[in-house]
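Please model the entire structure based on the sequences and the hints provided.
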Amino acid sequence: GDSVTQMEGPVTLSEEAFLTINCTYTATGYPSLFWYVQYPGEGLQLLLKATKADDKGSNKGFEATYRKETTSFHLEKGSVQVSDSAVYFCALIGNTGFQKLVFGTGTRLLVSP
Amino acid sequence: EPEVTQTPSHQVTQMGQEVILRCVPISNHLYFYWYRQILGQKVEFLVSFYNNEISEKSEIFDDQFSVERPDGSNFTLKIRSTKLEDSAMYFCASSDRENTEAFFGQGTRLTVV
Numbered sequence: 810g811d812s813v814t815q816m817e818g819p820v821t822l823s824e825e826a827f828l829t830i831n832c833t834y835t836a837t838g839y840p841s842l843f844w845y846v847q848y849p850g851e852g853l854q855l856l857l858k859a860t861k862a863d864d865k866g867s868n869k870g871f872e873a874t875y876r877k878e879t880t881s882f883h884l885e886k887g888s889v890q891v892s893d894s895a896v897y898f899c900a901l902i903g904n905t906g907f908q909k910l911v912f913g914t915g916t917r918l919l920v921s922p
Numbered sequence: 007e008p009e010v011t012q013t014p015s016h017q018v019t020q021m022g023q024e025v026i027l028r029c030v031p032i033s034n035h036l037y038f039y040w041y042r043q044i045l046g047q048k049v050e051f052l053v054s055f056y057n058n059e060i061s062e063k064s065e066i067f068d069d070q071f072s073v074e075r076p077d078g079s080n081f082t083l084k085i086r087s088t089k090l091e092d093s094a095m096y097f098c099a100s101s102d103r104e105n106t107e108a109f110f111g112q113g114t115r116l117t118v119v
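So the sequence lines, in the order shown, correspond to chains A and B. The opening residue of the first sequence carries number 810 in our numbering; numbering runs sequentially from there. The opening residue of the second sequence carries number 7 in our numbering; numbering runs sequentially from there.
Derived from the structure by calculation, the hints contain no laboratory data. Note that the structure is predicted; figures quoted are calculated from it, not measured. Errors might be hidden in some of the hints.
As the list claims (entries may be wrong) - In silico lysine-lysine, DSS-like type, Cα no more than 25 Å apart, as pairs:
{"hint": "1", "chain 1": "B", "residue 1": "K48", "chain 2": "A", "residue 2": "K858"}
{"hint": "2", "chain 1": "B", "residue 1": "K84", "chain 2": "A", "residue 2": "K886"}
{"hint": "3", "chain 1": "A", "residue 1": "K858", "chain 2": "A", "residue 2": "K877"}
{"hint": "4", "chain 1": "B", "residue 1": "K63", "chain 2": "B", "residue 2": "K48"}
{"hint": "5", "chain 1": "A", "residue 1": "K886", "chain 2": "A", "residue 2": "K861"}
{"hint": "6", "chain 1": "B", "residue 1": "K48", "chain 2": "A", "residue 2": "K877"}
{"hint": "7", "chain 1": "B", "residue 1": "K48", "chain 2": "B", "residue 2": "K84"}
{"hint": "8", "chain 1": "A", "residue 1": "K858", "chain 2": "A", "residue 2": "K869"}
{"hint": "9", "chain 1": "B", "residue 1": "K89", "chain 2": "B", "residue 2": "K63"}
Claimed, not checked - Short, incomplete list of chain B residues facing chain A, as computed with Cβ under 10 Å:
{"hint": "10", "residue": "Y37"}
{"hint": "11", "residue": "Y39"}
{"hint": "12", "residue": "Q43"}
{"hint": "13", "residue": "G46"}
{"hint": "14", "residue": "V49"}
{"hint": "15", "residue": "E50"}
{"hint": "16", "residue": "F51"}
{"hint": "17", "residue": "S54"}
{"hint": "18", "residue": "E59"}
{"hint": "19", "residue": "E62"}
{"hint": "20", "residue": "F71"}
{"hint": "21", "residue": "S101"}
{"hint": "22", "residue": "E104"}
{"hint": "23", "residue": "N105"}
{"hint": "24", "residue": "T106"}
For glycine and all other residues, C-beta sits at the position ideal for the given N, C-alpha and C.
Spelled out as structure tokens, the structure:
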């Protein structure tokens with residue numbers, strides 16, 4: 810079945826450092842790909858998405874490119890802030906006719922001043 | 007901005023009791039979901055609901071679980087006889103069409119004692 814694999818956390822960075830969180834997926838066909846973020850004590854918020862190969866999703870300085878050849882959707886940000894500290898989830902919706910999101914295990918990001 | 011609302015935010019119940027978790031999806035959305043997140047673990051799909059019936063359910067969603075859309079605005083998850091292992095954060099989500107992102111509520115933290 811469909812699955813998402815994310816890098817283990819926590820990722821600990823200093824403010825203004827460059828961020829990469831790796832995400833790879835296994836799915837048949839052409840899934841839609843998403844990054845969700847969960848701030849402490851809150852629910853899941855959509856951060857960005859990409860629905861076809863080579864699409865780049867971007868929001869709040871974060872970006873990720875849908876790479877079909879490497880089945881990847883790595884999250885990047887050029888300069889992180891303390892307020893970016895959260896858990897980041899990579900997810901997909903397959904195109905098998907079902908609507909469910911399949912999530913990765915989440916990667917906790919800790920940014921220190 | 008429209009949002010998914012869930013009540014209560016925290017529910018404590020005794021093992022064997024029935025609980026009902028309530029959700030108001032975004033008003034023009036047609037697809038409704040429940041997910042759960044056991045503390046520190048990945049977000050897991052429970053069930054999807056469309057056109058007044060279950061469209062898909064996971065192996066977690068056994069006979070102890072049921073969903074209902076009792077009126078035009080609410081969407082509920084009932085657990086008939088709670089077990090300790092049902093303790094988790096339960097997220098309701100909705101989407102307006104197929105194969106697109108879901109919008110999540112803030113979650114209900116269920117604690118079974």
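Looking back at the numbered hints, which does the structure fail to meet, lowest number first?
-> Failing hints, ascending: 2, 18, 20.
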